[in-house]
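S.K.: Please construct the entire structure, taking both the sequences and the accompanying hints into account.
Same order as they appear, the protein sequences are chains G and U.
Numbers in the numbering used here are just positions in the first sequence, counted from 1, shifted up by 216.
Numbers in the numbering used here are just positions in the second sequence, counted from 1, shifted up by 8.
Think of the hints as simulated: they come from the structure by calculation, not from any bench.
All values derive from a computational prediction rather than experimental measurement.
Glycine included, each C-beta is placed from N, C-alpha and C at the ideal position.
Any given hint might turn out to be false.
Which stretches of chain U does chain G cover? Using the computed rule of at least three CB atoms under 8 Å from a CB of chain G, they are [what the hints assert, rightly or not]:
no.	region
1	193 to 201
2	232 to 242
Distance condition first, Cα-Cα at most 25 Å in a straight line; then the derived SDA-like pairs of lysine to any residue [said to hold, decoys possible]:
no.	chain 1	residue 1	chain 2	residue 2
3	U	Lys168	U	Gln124
4	U	Lys226	G	Arg270
5	U	Lys226	G	Glu271
6	U	Lys179	U	Arg233
7	U	Lys226	U	Val189
8	U	Lys179	U	Leu14
9	G	Lys489	G	Leu225
10	U	Lys226	G	Phe273
11	U	Lys146	U	Pro218
12	G	Lys489	G	Leu570
13	U	Lys226	G	Arg263
14	U	Lys179	U	Phe208
15	U	Lys146	U	Ala231
16	U	Lys179	U	Asp167
17	U	Lys226	G	Leu225
Incomplete in silico selection of chain G near chain U, CB under 8 Å [as the list claims (entries may be wrong)]:
no.	residue
18	Glu271
19	Asp516
20	Phe663
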Amino acid sequence: MDILEINELLNRAVYGEWMMLVFILVGLYLSLRTGFAQFGRMGVALRETVGAIRERFLSFGGQISPFQAAMVALSATIGTGHIIGMVGAVVVGGPGAVVWMWVAYLVGMATKFAEAVLAVHFRRQYTDGSVLGGPMVYIRYGLGRRMAWLAGLFAFFTAVAAFGIGNLSQAGAVGAALAQEFDVPPAITGLLLALLVGFLLGGGIRRIARFAQVVVPIKLGLFLLAVLPLLLLHIGQLPGALALVFSSAFSFQAATGGVAGAALSLGLAEILKAGVGRGIFANEAGLGSAAIAHAQAQVDHPVRQGFWGLTEMLVSLLVTSLMALSFIASGLWQRFLGGDRVEAARLLFAEHPLGVAMLGVLLAVFALGTMVSWGFYGEEGAAYLFGDGIRWPYRLTFVAFAFVGPLGGLAALTSVADTLNGMMAIPNLIALLALGGVVGRLVGEFFRGLPWQPPEED
Amino acid sequence: MLSGNLAEFPLLQLLETLMGAAREGALFIQHPQFSGCLYLQGGYPVHAEAGPLRGLEALELLTGLRSGPFRYEAGVQAQEQSIEPRLETQRLILHQFEAWREIELPENWGLVLQTQPASSQTQLSPLELRVLALAEGKSLAQALMNQQFTPLQTAQVLDKLLRLGLLEARKSWEIQSETLVVLSLYGGGQGVAVIDEGLFVHWQRLLGGPFWVRLRSKTQEAALRPEPRIQMQGRLGLFERDMRRLRLSRGMRVEAWPELI
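M.R.: Following this line, the structure appears as structure tokens:
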């Protein structure tokens with residue numbers, strides 16, 4: 217068995233049904249520990265985030281504000297997967313997959329909330345104002361010295377995975393989209409991407425945060441500009457599409473040829489897998505990546521940052537849902553069931569008044585934001601392992617890959633990085649399980665008006 | 009020209025020298041809290057100024073100074089005469105110096121006087137009560153130059169009030185209000201203003217004791233008990249009950265400053 221076969225095996229495992237079940241179970245456990253904060257405290261979460269949007273640039277004295285940290289996380293989360301990936305979920309699991317995606321999102325909200333809370337609670341703050349945080353830090357300081365190897369493992373997975381999900385995949389998608397829609401040579405796309413990503417990463421978290429606070433609203437604005445005309449175009453089919461989403465959540469006759477019994481249960485498994493898979497991996501809840509961004513926020517209490525985690529999930533849910541509904545309402549899903557998701561997305565956007573070019577622009581902007589945030593995640597992972605001296609070498613390597621990405625030809629590396637991306641969840645979910653009690657305690661203290669007591673230095 | 013500091017050349021010795029030599033000129037004293045001058049003619053004081061005071065009252069205040077740069081310029085004549093040039097005045101000056109020697113006021117006349125609650129019942133005379141009221145919130149120098157009572161009279165009363173602990177002389181401070189952004193706190197607490205621990209320590213140092221935080225919004229003003237917390241820079245944490253009572257909402261800006269309890 218060669219390394220690629222091992223990788224393939226691991227990849228199937230980390231993105232497989234069993235792993236999805238673990239994600240859901242951990243999410244349910246954290247929901248219990250936090251008193252189902254994603255439901256019971258949603259009002260407070262919205263007041264603390266959307267309601268306090270005019271305070272978005274006010275930090276609590278540190279490098280970046282809670283809003284900016286959330287934007288860095290959101291910039292990474294809302295990537296091409298929210299468009300192509302969502303179309304893919306419907307193509308594989310049918311309209312009913314959307315229901316299971318929603319369920320996974322609702323459970324995942326508790327996970328993302330817990331990640332943000334722990335990231336702030338256990339982060340290390342240095343005298344120059346810089347911060348190191350994220351799952352590697354809450355594993356190391358939350359679980360103790362004996363689990364330092366697990367923290368190191370997470371940091372290693374992140375540092376390498378960033379080259380896949382956060383670099384080659386994104387750069388490849390941008391390169392392909394711009395070449396296809398605007399005839400831009402991949403080398404030019406690569407050069408531009410490398411320059412932009414290099415400039416932004418070079419400025420550290422402050423520059424990345426300033427970029428994210430601009431690019432995320434642009435992403436959302438562009439997304440609405442892309443999707444609303446499609447929804448308006450099929451507004452008559454929207455009620456039917458919504459009804460279809462619910463009616464085909466458990467069985468999908470067309471997909472299975474209307475055969476009952478074994479075929480029906482097979483259909484349910486397919487629907488579940490497609491929907492839950494999207495609901496888990498689109499928003500990165502459980503992977504621990506967003507926690508690296510949330511750790512940077514200066515805030516008086518970790519739970520307050522947790523609310524940004526919840527809101528981040530809501531925004532991601534809104535984007536994927538609108539995307540799915542526009543695709544289902546268009547009726548194109550029937551033609552592409554089990555087919556090519558990229559082609560399905562292209563055909564969907566062909567109906568857009570601005571044409572398929574809209575898809576190209578959307579993908580390019582989505583991918584750029586994701587690349588910058590993931591570059592930062594990877595850099596933090598590397599810095600945790602090797603110290604601050606690794607930052608510039610890491611940035612330069614990341615930039616080099618951003619240039620190569622659109623040219624293609626690194627499929628093996630992308631595949632390995634994709635596996636490591638999935639593997640990031642393993643140490644993170646272990647830590648979330650072990651530290652669920654800490655999250656519950658912090659939530660309790662916050663709502664009793666008690667001050668935050670950062671953990672003692674280890 | 010002769011110059012120096014009263015801490016090294018006490019005023020009494022300086023005057024004895026100038027008066028003994030029957031000098032004519034002006035002695036200028038630059039105290040940190042006010043400026044003063046004393047004009048001599050044939051060795052006799054003929055005019056004195058100390059802040060707003062003139063004549064014998066000014067002279068009385070100057071005789072209480074224990075430090076401060078001075079310079080004597082010979083030949084300078086007074087524009088006005090506020091003191092009679094006679095032997096009696098010299099005796100009066102000696103008496104003033106002796107009286108000041110009995111008084112133990114702080115060296116720093118820039119200290120601010122604050123009334124303190126009495127620990128036991130104390131009987132005060134009408135004069136003492138009036139001086140107490142006059143001195144509240146003023147610097148020692150301002151209190152001594154009150155123009156209602158002579159500086160010596162005032163100094164003697166202040167000395168007593170300070171020794172009784174009814175007055176306290178504290179460093180002069182100017183506390184500027186801070187503009188803070190309201191942050192919601194959850195739970196059942198009330199009457200608390202949560203501020204950054206750095207600001208808390210800063211205000212505590214300035215005031216030298218426990219304090220209230222006074223808030224002023226567009227419509228309301230209130231005093232709340234301060235509670236320091238980490239990572240609250242630029243923020244003011246208020247419990248929901250207080251926010252409703254004060255008609256404040258998250259994100260609103262309020263002026264906040266400390267007030268001694």
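S.K.: Each hint: holds or not?
M.R.: Hint-by-hint comparison with the structure:
1. 193 to 201: Satisfied; 5 residues make the cut.
2. 232 to 242: holds (count 7)
3. U:Lys168 with U:Gln124: Given pair Lys168 (chain U), Gln124 (chain U) holds - Cα atoms ~13 Å apart, limit 25 Å.
4. U:Lys226 with G:Arg270: 19 Å, holds
5. U:Lys226 with G:Glu271: 19 Å, holds
6. U:Lys179 with U:Arg233: 23 Å, holds
7. U:Lys226 with U:Val189: Satisfied, since the Cα-Cα distance of roughly 13 Å is no more than 25 Å.
8. U:Lys179 with U:Leu14: This hinted pair holds, its Cα atoms lying about 22 Å apart.
9. G:Lys489 with G:Leu225: 18 Å, holds
10. U:Lys226 with G:Phe273: Status holds; Cα separation ~23 Å.
11. U:Lys146 with U:Pro218: 20 Å, holds
12. G:Lys489 with G:Leu570: 34 Å, violated
13. U:Lys226 with G:Arg263: 22 Å, holds
14. U:Lys179 with U:Phe208: 18 Å, holds
15. U:Lys146 with U:Ala231: Holds. Lys146 (chain U) to Ala231 (chain U) sits at ~23 Å (cutoff 25 Å).
16. U:Lys179 with U:Asp167: Given pair Lys179 (chain U), Asp167 (chain U) holds - Cα atoms ~17 Å apart, limit 25 Å.
17. U:Lys226 with G:Leu225: With a Cα-Cα distance of about 65 Å, the restraint between Lys226 (chain U) and Leu225 (chain G) is violated, given a limit of 25 Å.
18. Glu271: Holds, because the Cβ-Cβ distance from Glu271 (chain G) to chain U comes to roughly 5 Å (cut-off 8 Å).
19. Asp516: The hint holds - Asp516 (chain G) has a Cβ within 8 Å of chain U, the shortest such distance being about 5 Å.
20. Phe663: Check passed: Cβ of Phe663 (chain G) comes within 5 Å of chain U, closer than 8 Å.
Of the numbered hints listed earlier, those contradicted by the structure are 12, 17.
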